[in-house]
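Quick note, the sequences are listed as chains A and B, same order. Using the numbering used here, read the first sequence as starting at 1 and increasing by one per residue. Using the numbering used here, read the second sequence as starting at 490 and increasing by one per residue.
In short, the hints are calculated from the structure, not lab data. Source: prediction; values computed, not measured. Treat the hints with care, since some could be wrong.
Said to hold, decoys possible - Residues of chain A clear of chain B, computed beta-carbon distances all greater than 12 Å:
#: 1; residue: VAL7
#: 2; residue: GLU33
#: 3; residue: VAL47
#: 4; residue: LEU89
#: 5; residue: THR256
#: 6; residue: PHE294
#: 7; residue: ASP318
#: 8; residue: TRP451
Claimed, not checked - Taking lysine-lysine and the PhoX-like style, the derived pairs with C-alpha atoms no more than 25 Å apart in a straight line are:
#: 9; chain 1: B; residue 1: LYS759; chain 2: B; residue 2: LYS869
#: 10; chain 1: B; residue 1: LYS754; chain 2: B; residue 2: LYS869
#: 11; chain 1: A; residue 1: LYS262; chain 2: A; residue 2: LYS180
#: 12; chain 1: B; residue 1: LYS548; chain 2: B; residue 2: LYS493
#: 13; chain 1: B; residue 1: LYS859; chain 2: A; residue 2: LYS4
#: 14; chain 1: B; residue 1: LYS669; chain 2: B; residue 2: LYS545
#: 15; chain 1: A; residue 1: LYS477; chain 2: B; residue 2: LYS846
#: 16; chain 1: B; residue 1: LYS493; chain 2: B; residue 2: LYS545
#: 17; chain 1: B; residue 1: LYS849; chain 2: A; residue 2: LYS477
#: 18; chain 1: B; residue 1: LYS859; chain 2: A; residue 2: LYS477
#: 19; chain 1: A; residue 1: LYS374; chain 2: B; residue 2: LYS966
#: 20; chain 1: A; residue 1: LYS370; chain 2: B; residue 2: LYS493
#: 21; chain 1: B; residue 1: LYS863; chain 2: A; residue 2: LYS477
#: 22; chain 1: A; residue 1: LYS374; chain 2: B; residue 2: LYS863
#: 23; chain 1: A; residue 1: LYS370; chain 2: B; residue 2: LYS966
#: 24; chain 1: B; residue 1: LYS493; chain 2: B; residue 2: LYS546
#: 25; chain 1: B; residue 1: LYS493; chain 2: A; residue 2: LYS357
#: 26; chain 1: B; residue 1: LYS966; chain 2: A; residue 2: LYS360
By construction, the Cβ of each residue, glycine as well, lies at the ideal position given by its N, Cα and C atoms.
There are 2 protein chains.
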Amino acid sequence: MNIKMLVYILGKVLLIEGVLMVLPIVCGLIYGESQVVIYAALAALYVAIGFLVSFKKPKNMTIFIKDGCVATALSWIVLSVCGCIPFMLTKEIPSFTDAVFETASGFTTTGASILTNVEALSHTSLMWRSLTHWIGGMGVLVFLLAVVPMAGGSNMNLMRAESPGPTVGKIVPRVRSTAKMLYYIYIALTVLEVLVLFFCGMPLFDSICSAFGTAGTGGFGIRNDSFASYAPHIHWIVAVFMIMFGANFNFYYLLTTRQPGKAFKMSEVKVYLGIIAFVTAIICFSVYGMYGSFEESLRQSLFQVATAITTTGFATTDFDLWPSIAKFLLVTVMFIGACAGSTGGGIKVSRFQIMFKTIKREIESYIHPKTVRKVHLDGKTIDGDVVHSVALYFFIYLLIFVGSMFIVAFEGHDLVTIFTSVTATLNNIGPGLSMVGPTQNYSFFSNISKWVFIFDMIAGRLELMPIIVFLTPAAYKGIIKKPKKVQNG
Amino acid sequence: MNIKMLVYILGKVLLIEGVLMVLPIVCGLIYGESQVVIYAALAALYVAIGFLVSFKKPKNMTIFIKDGCVATALSWIVLSVCGCIPFMLTKEIPSFTDAVFETASGFTTTGASILTNVEALSHTSLMWRSLTHWIGGMGVLVFLLAVVPMAGGSNMNLMRAESPGPTVGKIVPRVRSTAKMLYYIYIALTVLEVLVLFFCGMPLFDSICSAFGTAGTGGFGIRNDSFASYAPHIHWIVAVFMIMFGANFNFYYLLTTRQPGKAFKMSEVKVYLGIIAFVTAIICFSVYGMYGSFEESLRQSLFQVATAITTTGFATTDFDLWPSIAKFLLVTVMFIGACAGSTGGGIKVSRFQIMFKTIKREIESYIHPKTVRKVHLDGKTIDGDVVHSVALYFFIYLLIFVGSMFIVAFEGHDLVTIFTSVTATLNNIGPGLSMVGPTQNYSFFSNISKWVFIFDMIAGRLELMPIIVFLTPAAYKGIIKKPKKVQNG
Chain A
1 MNIKMLVYIL GKVLLIEGVL MVLPIVCGLI YGESQVVIYA ALAALYVAIG
51 FLVSFKKPKN MTIFIKDGCV ATALSWIVLS VCGCIPFMLT KEIPSFTDAV
101 FETASGFTTT GASILTNVEA LSHTSLMWRS LTHWIGGMGV LVFLLAVVPM
151 AGGSNMNLMR AESPGPTVGK IVPRVRSTAK MLYYIYIALT VLEVLVLFFC
201 GMPLFDSICS AFGTAGTGGF GIRNDSFASY APHIHWIVAV FMIMFGANFN
251 FYYLLTTRQP GKAFKMSEVK VYLGIIAFVT AIICFSVYGM YGSFEESLRQ
301 SLFQVATAIT TTGFATTDFD LWPSIAKFLL VTVMFIGACA GSTGGGIKVS
351 RFQIMFKTIK REIESYIHPK TVRKVHLDGK TIDGDVVHSV ALYFFIYLLI
401 FVGSMFIVAF EGHDLVTIFT SVTATLNNIG PGLSMVGPTQ NYSFFSNISK
451 WVFIFDMIAG RLELMPIIVF LTPAAYKGII KKPKKVQNG
Chain B
490 MNIKMLVYIL GKVLLIEGVL MVLPIVCGLI YGESQVVIYA ALAALYVAIG
540 FLVSFKKPKN MTIFIKDGCV ATALSWIVLS VCGCIPFMLT KEIPSFTDAV
590 FETASGFTTT GASILTNVEA LSHTSLMWRS LTHWIGGMGV LVFLLAVVPM
640 AGGSNMNLMR AESPGPTVGK IVPRVRSTAK MLYYIYIALT VLEVLVLFFC
690 GMPLFDSICS AFGTAGTGGF GIRNDSFASY APHIHWIVAV FMIMFGANFN
740 FYYLLTTRQP GKAFKMSEVK VYLGIIAFVT AIICFSVYGM YGSFEESLRQ
790 SLFQVATAIT TTGFATTDFD LWPSIAKFLL VTVMFIGACA GSTGGGIKVS
840 RFQIMFKTIK REIESYIHPK TVRKVHLDGK TIDGDVVHSV ALYFFIYLLI
890 FVGSMFIVAF EGHDLVTIFT SVTATLNNIG PGLSMVGPTQ NYSFFSNISK
940 WVFIFDMIAG RLELMPIIVF LTPAAYKGII KKPKKVQNG
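Same shape as in the complex, but just chain A (with noise of 0.2 Å):
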């Protein structure tokens, strides 16, 4: 293992984050807020701390697949550790287990809470808690490979155990130009949606909480009934902005690139609006008795389908009380998940495309056993290898799912409410039905379903095998054996 290569990539991803802090730092001047300066003093030492640790580059900058999975999952641990600091030392979210919660929720994009009323938090730290869904939803390694040049294969290898999706979103040949592009895009429609919702009269903190929200298909709500009091429009904007995200951003890329023909065959951008469109019809249907218009009916299905699909979390109404068709098709479409290659989470609209192509297959080989045939999308061939992958992704997560309802079931709650706030913290939702519905929060579990939540939404995020390869003590054998060596040579 390459350890150099690992402390430097750790000190680059803390120098990031005290970095980042400067924009609560300047909300919070700007309000006259006292926790400034425990924001400020955090920031300087990060990046003080980071800049020491990664001056210098390592001379070897080769890492392989395993390097790249454990350098990975412990940098979304020291951003969820180091980012939640500011939360106990402003004494906003005063226990550990709480503030790494909140803020592993908020890296990953979850968009969990265990805070009870968000509008007591200084406006500091609501840009903060905020600005980590926006850092998260790209990635911060991602970012890193955007301004730092690596070896060969390394920066692949990075990039490929933080990108969300079964294959890897290659843009363009270099991985440094796909990772610039990937920002580009990200920044100019996070930029778009900051200034729409402010021009439609948002006020500008509140225009750009909910703009990071939205990109990194996050879910923090600035307000204790998330976005329920904010005007209709304003409900129609970000439902539009959240599919905007979901989409995979091959999609933007091929736009702006003027090859809108090719953009518009990519089955997956495809499949998703035509499963929210399907989705959104019925549940429309299912719940227009129980609001005035047909307007308000189809705005609050919209919504909510883009809100669990996406896998953000934002609500603007308490869909655990909607019929059981409704919520049954919310917490499918909670697991089908966003496009590869876009900011959301879930299992992704891709692997379910693969998944029925090799049904279609195999159907056919029962019928026409002697012909071969092979598994295409968008029409590239989709080989075994990649079918073989995407089934390992389901059997792991299986295991991770069960396991944590394991866990979390010693409690006693309702199955329901064990079986969503699996799925809401796996798939990197955020809210789920019963006592962890759109109207409640995750205050009332103890720490060690906590530190469940945690796992589930890091790995998650992470799309499992970074994490499970962190954890697998084979992966340290090097470190431990090297020593051995030298005494014995």
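Following the hints, complete the assembly by docking chain B onto the known chain A.
Relative to the frame of chain A, chain B by itself:
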């Protein structure tokens, strides 16, 4: 498609069904019940039709995997539809949907019932109802293979379609001998249970019906409270027999052929027993406060775990009232299911073993990317094809599961009812939780939902693929195109 062979197989199936009706007829004669007339008339009719249709062997007895799937699916539909007629004619279950539901639930060894008062049924019908479990447990086509000689690969294609588990239960080289061996073990164990129950004080009628329900891992009780009102020692006996029938029959074959060393090395049986012990211990601990003594608490736990993991579906207590962790574990083992090559349902222990080993290998491949590793089970290499087919099984399972929930959810029952009713039918268990709990039944569902459950029960019993191929229009292309070609030629 080999239509002549298809008709031949279906004829034999009907013939067997008619012959098997002799048992309820004898039972009805002993009790002097008027329903006997209807059973006798139908039995005569089925035997006559079956005999006429399958009198002449087709010249070409070869069937391919596609035909095997269609033949299997059609056999089970014929069994269920023809088997339900006596219930309708005796007016004990007048509705066609309900009668098919009850009979399909019997043959598929599910044990879900639409009857609100089981004890109102005649002895004749109760015996027929329990007998369907026994027939369905080992499979009518396996029986057919045991008695009718067929061409080389053809019988394999039939057996593969009907036998449970990812690998075919080919105990001895010749399929016919395997089928015979399976039935010998099956009959011996059933007779053993009848004798043990009878000599432990159960009435003979009850002993036979209970043994049929246990052997097929079915679950129909002949009392309204299932097994609750039988004596405690009966609970222990039935629990042990349920566990025995859920073990891989290969285990008994190895024991009878004096290879105990090999038998006790079978990892699937070991894992299966390990899961039962582990889950029973936790549940026993969690429900200890609800029962008077350690014996009762252990007995109730073991019985309910045995009934859930073997997917039998008997009950001695209302486990819907148990704490969340106990309910969660029961639902979890319902999904795991029994061993491959047993009469039990569910996903099967060995599928999970293959899944775990594949995950383990994947993690190793991240840590040592250059080493090629293979998945082994009991010393045999599990190749990519088996892993692939297990993955496909999970995919199709997921699809049917979510699709079924989607339709049932329109009825508006609570999510636990919707979730566990699909779980209980697709895994061939019977009772679930909430409105389909052990003290409830399926009578309140709409006809649409009942047909979904009938589909799920048959799909679950046949391990998904045969029923999927049967429903694929492309499977019948040859039949529809053929006349066209004749016209052209």
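To see whether the hints hold, each was checked on the structure:
For VAL7 of chain A, the shortest C-beta to C-beta distance to chain B comes to about 20 Å, beyond the 12 Å cut-off, and the non-interface label holds. Non-interface status of GLU33 of chain A relative to chain B is upheld: no Cβ of that chain comes within 12 Å, the nearest being about 43 Å off. The beta carbon of VAL47 of chain A is kept farther than 12 Å from every beta carbon of chain B, the shortest such distance being approximately 33 Å. Residue placement check: LEU89 of chain A keeps its beta carbon more than 12 Å from all beta carbons of chain B (closest about 37 Å).
Distance check on THR256 of chain A: its Cβ is at least 35 Å (rounded) from any Cβ of chain B, clearing the 12 Å threshold; non-interface status holds. For PHE294 of chain A, the condition that its CB be more than 12 Å from all CB atoms of chain B holds, with the nearest at approximately 21 Å. Chain B leaves ASP318 of chain A outside its interface by the beta-carbon criterion, the shortest separation being 16 Å against a cut-off of 12 Å. Every CB of chain B is more than 12 Å from the CB of TRP451 of chain A (nearest about 18 Å), matching its label as outside the interface.
A distance of roughly 17 Å separates the Cα atoms of LYS759 of chain B and LYS869 of chain B; the hinted pair therefore holds under the 25 Å criterion. Only pairs whose Cα atoms come within 25 Å are accepted, and LYS754 of chain B paired with LYS869 of chain B is accepted, the gap being roughly 13 Å. A threshold of 25 Å between alpha carbons decides the hint, and for LYS262 of chain A with LYS180 of chain A the separation of about 21 Å falls inside it, so the pair holds. Proposed proximity of LYS548 of chain B and LYS493 of chain B is supported: the alpha carbons are some 9 Å apart, at most 25 Å.
Among the hinted pairs, LYS859 of chain B with LYS4 of chain A is consistent with the structure: their alpha-carbon atoms are about 23 Å apart, no more than 25 Å. With a C-alpha separation of about 23 Å, the suggested pairing of LYS669 of chain B with LYS545 of chain B holds against the 25 Å cut-off. Between LYS477 of chain A and LYS846 of chain B the CA atoms are separated by roughly 21 Å; this keeps the pair inside 25 Å, and the hint holds. At most 25 Å may separate the alpha-carbon atoms for a hinted pair to count; LYS493 of chain B and LYS545 of chain B meet this at roughly 10 Å.
Restraint check for LYS849 of chain B and LYS477 of chain A: satisfied, since their Cα atoms lie roughly 16 Å apart, inside the 25 Å limit. Between LYS859 of chain B and LYS477 of chain A, the direct Cα distance comes to roughly 16 Å. Compliance with the 25 Å bound is thereby established for this hinted pair. With a C-alpha separation of about 21 Å, the suggested pair LYS374 of chain A and LYS966 of chain B falls inside the 25 Å cut-off, and the hint holds. Distance hint between LYS370 of chain A and LYS493 of chain B is fulfilled; the C-alpha atoms sit about 23 Å from each other, no more than 25 Å.
The straight-line distance between the Cα atoms of LYS863 of chain B and LYS477 of chain A is roughly 21 Å, inside the 25 Å bound, and the hint therefore holds. For the proposed pair LYS374 of chain A and LYS863 of chain B, the alpha carbon gap of about 23 Å is at most 25 Å, so the pair holds. For the given pair, LYS370 of chain A sits about 16 Å from LYS966 of chain B by alpha-carbon distance, which is consistent with the 25 Å threshold. For the proposed pair LYS493 of chain B and LYS546 of chain B, the alpha carbon gap of about 9 Å is at most 25 Å, so the pair holds.
With a C-alpha separation of about 33 Å, the suggested pair LYS493 of chain B and LYS357 of chain A falls outside the 25 Å cut-off, and the hint is violated. Proximity of LYS966 of chain B to LYS360 of chain A is assessed by CA-CA distance (about 16 Å); at most 25 Å being required, the pair is judged to hold.
In this structure, only the earlier hint numbered 25 is contradicted, and the remaining ones agree with it.
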